[in-house]
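Residue numbers (the numbering used here), protein chains in the order written: chain A, 507 to 979; chain B, 507 to 979; chain C, 507 to 979.
When chains are identical, the list treats them as one kind, so a pair holds in a single copy or across two.
Taking lysine-lysine and the BS3-like style, the derived pairs with C-alpha atoms no more than 25 angstroms apart in a straight line are:
#1 K857 to K729
#2 K729 to K806
#3 K935 to K806
#4 K935 to K857
#5 K729 to K935
Hint data in this document are derived by calculation from the structure and do not stem from the laboratory.
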Amino acid sequence: MKKARSLSLAALIGGGLALLTVGVASAQTPDEIQASLDDLTAALDTMWLIVAATLVLFMQAGFALVEAGFVRSKNVTNILMKNVLDACFGAMVYFAVGFGLAYGAAEAATGFYGSGSFFMSGNTDYATFFFQFVFAATAATIVSGAMAERTKFSAYIVYTVFITGLIYPIVTHWIWDGNGFLTAFRDDPMNGVGVVDFAGSTVVHSVGGWAALVGAIMVGARKGRFVNGQVNAFPGHSLPLGVLGVFILWVGWYGFNAGSTLGMSGGLAEIAARVAVTTTLAAGAGGATAMLLSWIQHGKSDLSLTLNGILGGLVAITAGTATLEPWAAIVAGVVAGFIIVYGVALLDTLKIDDPVGAVPVHLLNGIWGTLAVGLLSSEALMDNAYGVTSTWGILLGGGTDLFVTQLVGIAATAVWVVLASGILFGIIKATIGLRVSEAEEDAGLDVYEHGMEAYPEFTGGRDPFATLSGTGR
Amino acid sequence: MKKARSLSLAALIGGGLALLTVGVASAQTPDEIQASLDDLTAALDTMWLIVAATLVLFMQAGFALVEAGFVRSKNVTNILMKNVLDACFGAMVYFAVGFGLAYGAAEAATGFYGSGSFFMSGNTDYATFFFQFVFAATAATIVSGAMAERTKFSAYIVYTVFITGLIYPIVTHWIWDGNGFLTAFRDDPMNGVGVVDFAGSTVVHSVGGWAALVGAIMVGARKGRFVNGQVNAFPGHSLPLGVLGVFILWVGWYGFNAGSTLGMSGGLAEIAARVAVTTTLAAGAGGATAMLLSWIQHGKSDLSLTLNGILGGLVAITAGTATLEPWAAIVAGVVAGFIIVYGVALLDTLKIDDPVGAVPVHLLNGIWGTLAVGLLSSEALMDNAYGVTSTWGILLGGGTDLFVTQLVGIAATAVWVVLASGILFGIIKATIGLRVSEAEEDAGLDVYEHGMEAYPEFTGGRDPFATLSGTGR
Amino acid sequence: MKKARSLSLAALIGGGLALLTVGVASAQTPDEIQASLDDLTAALDTMWLIVAATLVLFMQAGFALVEAGFVRSKNVTNILMKNVLDACFGAMVYFAVGFGLAYGAAEAATGFYGSGSFFMSGNTDYATFFFQFVFAATAATIVSGAMAERTKFSAYIVYTVFITGLIYPIVTHWIWDGNGFLTAFRDDPMNGVGVVDFAGSTVVHSVGGWAALVGAIMVGARKGRFVNGQVNAFPGHSLPLGVLGVFILWVGWYGFNAGSTLGMSGGLAEIAARVAVTTTLAAGAGGATAMLLSWIQHGKSDLSLTLNGILGGLVAITAGTATLEPWAAIVAGVVAGFIIVYGVALLDTLKIDDPVGAVPVHLLNGIWGTLAVGLLSSEALMDNAYGVTSTWGILLGGGTDLFVTQLVGIAATAVWVVLASGILFGIIKATIGLRVSEAEEDAGLDVYEHGMEAYPEFTGGRDPFATLSGTGR
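Go ahead and model the full structure; you've got the sequences and the hints to work with.
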C-alpha cells in the first residue's frame with residue numbers, strides 16, 4: 507500500500523542510520539526491547555510536537571481573520587497580506603537567524619542570547635525547530651493588528667523581520683533556553699524557581715504586545731478616530747470573519763499550551779490533559795465575563811468584546827496553564843474579561859488607537875497571566891510540572907519568591923522590547939517612513955499598496971481607483 | 507531547547523509524583539519495562555483523547571458558520587454570539603454541574619443520574635473531562651439554529667445553561683456511564699446488549715434535536731414565513747460560510763466518532779480506523795443522495811440540501827460507526843439524504859420553522875442512525891466493538907434484541923428531553939419571554955440585542971439604526 | 507466514564523478478536539511484552555495515519571475557499587457545489603473502484619493497474635483506505651478551479667467520477683504501489699531507484715494539473731477574457747476566502763507531506779519531522795518570492811500571486827520533502843515563486859483561461875518539484891528515506907540515474923493523463939456538452955444550475971432571476 511510498508515521496509519533494509527526493527531514476530535532480547543521502547547517513546551513525543559505545531563500554525567489563519575474582520579473593507583487586502591507574510595518571511599528569518607539566537611549554543615556565561623545553529627547548521631532536531639518557529643510567527647503577527655489601516659507596507663516588512671529574527675528570539679533565550687538568565691530550566695534558577703511561563707504569556711504575547719503598543723503610539727491614531735475629545739468607532743467590516751478567527755485561535759491554543767509539554771511520555775501526558783482543561787476554562791470564563799460586563803455597562807452584549815474576552819482568557823492562562831488548578835484558571839479568565847473591557851476603554855482615554863484590541867488581549871493579559879502564576883499556582887502542580895517545592899502562588903501561601911521572579915521577567919521583557927522596538931520603529935520612521943499618506947489612508951491601503959480590493963464587486967457604487975493616480979492600474 | 511527536555515528533566519528529578527524514567531540507555535528490569543509500557547500506553551491514549559477533543563471543539567466553529575450562513579444578514583451577529591457563548595457558558599456549567607450529573611459516582615442503584623465530581627472535585631482524569639465537555643457543547647449548540655432569527659438573547663442564555671448543565675448530562679448518564687440504566691457498559695445491560703450509541707446519534711444529536719424541535723414550535727415561525735398557506739423561502743445570506751461550516755463539521759466528526767474509542771491501545775486503533783472510513787462513506791452518501799434527489803425533484807441541484815445531506819449522513823452514522831460495515835454505512839448515508847430532503851418538506855407542511863434544518867439533520871437522522879444500528883450492525887463488529895455475540899442487526903439475522911433496545915433508548919430520550927425542554931421553554935415564555943418584538947424581528951436582532959451589525963459597510967443603503975429607539979446607540 | 511474504559515473492557519473481555527491486554531499491574535512474560543510492543547506500534551502508526559488523513563480531508567475546505575474566493579460572485583454557489591461533491595462522489599467512487607485499481611492485488615507482471623479490493627472486499631486496512639481516499643479527493647478537486655465559471659454542472663459530475671475512479675488511481679499504482687512499473691518500492695526499481703515522489707508532486711498535483719490544463723483548453727476561455735489581443739482581469743470576489751483557503755491548505759499539507767511517512771515508529775518520526783520543516787520553508791520561500799517579484803514587476807505587491815506562490819512552494823516540495831535538505835527546500839520554493847509569476851503570464855500569452863491559477867500551481871510546480879528531487883536530493887537523505895545509495899541529486903554529484911527516472915515518471919504521467927482526460931472531455935463535449943450557454947455564463951451559473959445565489963442579499967440591486975426563463979423558480 508503506497509509508501510507505507512514499503513518505505514518503512516526500504517528504510518530498514520537499506521538505511522545506514524540506526525533504524526529500529528519493531529514489531530517482529532518473535533520475542534526480543536532485553537536490548538532489543540529497550541530499543542523498541544526508546545523508538546516508540548521518541549515517535550510518540552515527536553508526533554505530539556508535529557501535531558501541536560500544526561495547530562499553532564493554524565493560528566496564523568485565526569489572526570488573519572480576526573484582524574481582517576475588525577478593519578474596514580478598504581484595508582482588508584493589506585492586513586491579509588501582512589498576516590500571510592508574517593508566516594512566509596518569518597520562516598526564512600527564523601531559519602537563518604532567529605532559532606540560533608534563541609536556542610543556539612550559549613555564548614558562555616552570559617545567558618542573554620544564543621549563538622549557533624544558524625541556518626539549522628548542526629541542528630537535526632527538526633520537530634523542535636518546527637515547533638519553535640510557529641511560536642515565533644505568532645509573536646510577529648500580533649503587531650500588525652494594532653498598527654492596522656495606516657502603516658506602510660514596506661515599513662511592515664522591515665519591522666516584522668526584526669521582530670521574528672531578533673526581538674522575539676532574545677526573550678525566548680532568556681526564559682525558555684536552558685542557559686537563559688531568567689529561565690526555570692537552568693541548574694540555579696533565579697530565586698530557586700526562575701520565570702514560570704509555560705507556553706508564553708510573556709515570551710510570546712507580551713513581546714508581541716509591547717511591540718504593538720510602541721508601534722501603535724509611534725504610527726499615531728487613524729484619521730478621524732479621536733476628534734475634539736470624542737472617540738469615533740470604526741466598526742470592523744465583518745463579524746463572521748472575526749468569530750471564525752477566534753474559534754481557530756481557540757482551537758490552535760491547544761497546540762500552543764498543551765503542546766508546550768513538548769512530549770507525551772514520562773508523565774507529560776497527564777500535564778497536557780490538565781493544560782487542555784485549564785485552557786478551556788479560562789477561555790470560557792474570559793468570554794462570559796466580557797459579554798456580561800459589556801451587557802451591564804452598555805445595555806447590550808457586545809460581540810467584539812466577547813471575542814476579545816475569549817482571547818484575553820487564553821492569553822492569561824498561557825503562563826500558568828500547567829500550574830493553576832481548574833478553579834484558578836477560571837479566576838484568571840474572569841479577570842481577563844475585566845481587563846479586556848476596561849483595557850479597551852483605557853486605550854480610548856489615552857488616545858491610543860489599536861483597531862483590533864491587540865494591546866488589551868496580548869500585552870495586558872500577557873502581564874496578568876504571568877502575574878497570575880505568582881498569585882495562584884498550586885503547591886502540588888509547581889512540583890508536578892517544574893519540580894519546585896520551595897515557592898508557589900502567594901495567595902495559596904507559597905511565599906513571594908515566585909511572584910517576585912515573575913515580576914522580574916515581566917520587567918526585563920518590557921525594557922528590552924520597548925527599547926528595541928522603539929529604536930526599530932524610530933529608524934523606520936526616520937528613513938522609509940512608518941505611515942501612509944493621508945490620501946492613501948482615505949482611499950484605503952488596498953488599492954495604493956496592492957492595486958486590488960478585497961471585495962471588488964461590493965464597493966457600493968464607489969470607484970476606489972477613481973481618485974488615485976500612479977497606482978499602476 | 508525551550509521547556510522540552512528541561513521540563514521533562516525537572517519533572518523527573520524534582521517531582522514527588524511517580525513520573526517514569528523512560529528511554530535511558532541501559533536495558534531495564536522487567537518491572538521497569540512494564541512501567542515504561544504502561545506510561546506509553548497511557549500517553550498514547552491520552553494524546554488521542556486530546557487531539558480528538560480538539561477536533562470536536564473545532565465543530566463549534568462549524569456550527570457557528572452553518573447557522574450564520576443560513577440566516578439573513580440582519581441576524582448574523584446574534585446567531586454568532588449564541589454560538590460563541592454555547593462554548594463559554596457551556597464550559598462553566600459543565601465544569602460546575604454537568605460532568606457530575608453525567609459521570610459522577612452514581613446514586614446507588616437508580617442509574618438515572620450521577621452525583622459527584624462537581625467542579626471537578628476529586629476528578630483528575632482531565633482528558634476525559636475535556637473530551638466530554640466538547641460533546642456537551644455540541645448538544646447545546648444545535649438548538650440555536652432551529653430557533654434563529656426570533657429568539658430573545660436572554661432566553662437563549664437561560665435555556666443553553668439548562669441544556670448543557672442538566673438535560674444533556676442526564677441522557678449521557680443513562681447511555682454512556684457504566685451505571686446508566688440503558689447503557690451497554692453495565693454488567694447486565696438491557697436485553698443483554700444495552701443501547702448501542704457509539705458516538706452519540708441519540709445522546710448528542712437527538713437530545714439537541716428534540717430540544718430544537720420543541721423550541722422551534724414554542725417560539726413560533728418567523729414573521730412572513732408561512733403566509734396564506736404558502737411557504738416563503740428566506741435564503742441564507744452566505745453560502746460560502748455554510749460550506750466552510752459543513753467542511754469543518756465533517757473534519758471535526760473524525761474527532762467525534764473515531765475519538766469515541768477513547769483510546770488507541772489494546773486494539774482500539776483498529777476500531778478507530780474503521781470508524782473513520784464508515785464516517786467518510788456515510789457523509790459522502792448523504793451529500794450525494796440529497797443532491798441527486800433535489801436535482802430530480804426541482805430540476806436544479808440544491809447546495810443547501812446537499813450540505814444538510816452531508817450532515818445528515820454524519821449524524822446517521824454516529825451511533826453505528828463502529829458496528830456497521832462500509833456498505834452499511836453507505837446505506838445509512840443514502841437514507842439520511844432522503845430524510846433530509848423529505849424532512850425539510852415535512853417541516854414546511856407542518857408549518858414548523860427551522861431556519862437551518864436542525865431538526866432533519868440532528869433529530870430525524872439521530873433517530874435513524876440509532877435505528878440503523880439495530881437494523882444493519884454486523885455480527886462480527888458487534889463482537890469486536892462491544893463484545894456482544896447474542897444480537898446484532900435484524901436485517902442481517904441478528905434478532906430483535908438489539909433493535910428493541912435501540913427503540914427503548916430513542917423513546918426514553920424523547921420523553922425526557924421533550925418534557926424537560928418543554929417545561930424549560932414554557933417557564934421562559936411565561937417569565938422573561940421567548941420571542942423578540944415584531945419591531946425587533948423586522949429590524950433584525952443584531953442592532954436591538956447587540957447594537958452592532960455583522961457587516962456594517964454592506965447594508966445596501968438602509969440605516970439599520972434609523973427606526974430604532976432605545977438601542978443605546 | 508462514557509465508553510472509554512468500559513468499551514475497552516468490553517472489547518477485551520468479550521471479544522473474539524485477539525485484542526491485547528495492555529497495562530496490567532504485574533510484569534509480563536517476554537511474549538506478552540512483545541505483544542504489547544506490537545500493539546503500541548500499530549496503535550501509534552494508525553493514529554498518525556488517521557490524524558494526517560483528517561488534515562488532508564480538511565484541504566477540501568481549503569480548495570473550496572480558494573476557488574470560491576477567486577471567481578466572481580455569480581458563480582460561487584456553483585464552484586462550491588463542485589468542491590463539495592468532489593468529496594462526496596469521490597468517496598463513493600474510490601470505495602467502489604479507485605482503491606482497487608490503485609492498490610488491489612496486481613495483475614501479475616504488468617504493473618500498470620491493480621485489480622482487487624473493489625468495494626473494500628477483503629481489505630481490512632481501514633486506515634490506509636482513509637488516507638488514500640483523501641489523496642484521491644485532492645487530485646480531483648484541482649480540476650474544477652481551472653474550468654470554473656463556464657463548465658456545465660452535469661459535465662463536471664461525469665469527469666470528476668472518472669478522474670477519481672480511473673485516471674488518478676492508475677498513476678498511483680505506477681508510482682506508489684509496490685507492483686507499479688515506476689515505483690521506488692519494488693524489488694528492482696527503474697535505474698535502481700524508481701520514481702521518488704514522496705507525497706505526490708506528480709502522482710497527485712501533476713495528475714490534477716494535466717487534467718486541469720486539458721479541461722481549460724477544451725472548454726475555452728471565459729467570455730470577455732481575451733478580447734482583441736487584450737487580457738481582461740476578472741478579479742476574484744473575495745480575498746479573505748482566498749487567504750483562509752490557502753492557510754487551510756498549508757495546514758493540511760502537514761498531513762499530506764509528513765503523513766506520507768505512513769507511520770511514526772521505526773525511525774519514521776524523524777523523517778516526518780524533517781518533512782514538516784522542509785514543507786514550511788518551501789511554502790514561505792514560495793510566498794515571499796512571488797510577492798517580491800510581483801512588487802518589482804508591477805510596483806505593487808500582489809496578494810493573489812503571493813497566495814499562489816505559497817501553494818506553488820508547497821506543491822514543489824511535495825515530491826522531495828523527505829530527501830531535500832532545508833536549504834534545498836528553500837531553493838525549491840524560490841523557483842516555485844518564479845514559476846507562479848511567470849506561469850500566470852505564460853497562460854495569458856497562450857490565451858488559456860485558468861481562473862484560479864491551478865495550472866501554474868499544480869502542474870508546473872508539480873513537474874518542477876519532481877525534477878527538484880533529481881537535482882537537489884542529498885546523498886544521506888536518499889539513503890535515510892529510500893535506502894538508495896547509488897544515485898541522488900545531479901547538482902550534488904549524485905549522477906543522472908535519479909534525474910532521468912524522474913523525467914520518465916513525469917513523461918509517463920503526462921502521456922496517460924493528457925490522453926485519458928482528452929478523450930474524457932472530448933466525449934463529454936460531443937454528448938452532454940462541456941460548456942454552459944452564453945446566456946447562462948452572463949447571468950452566472952448559480953441561478954441557472956442551482957436556482958440560488960451565494961449572497962442573495964448583496965446583489966447590488968440587480969435581479970439575477972429577472973432575465974432567466976425556465977430556471978424553475
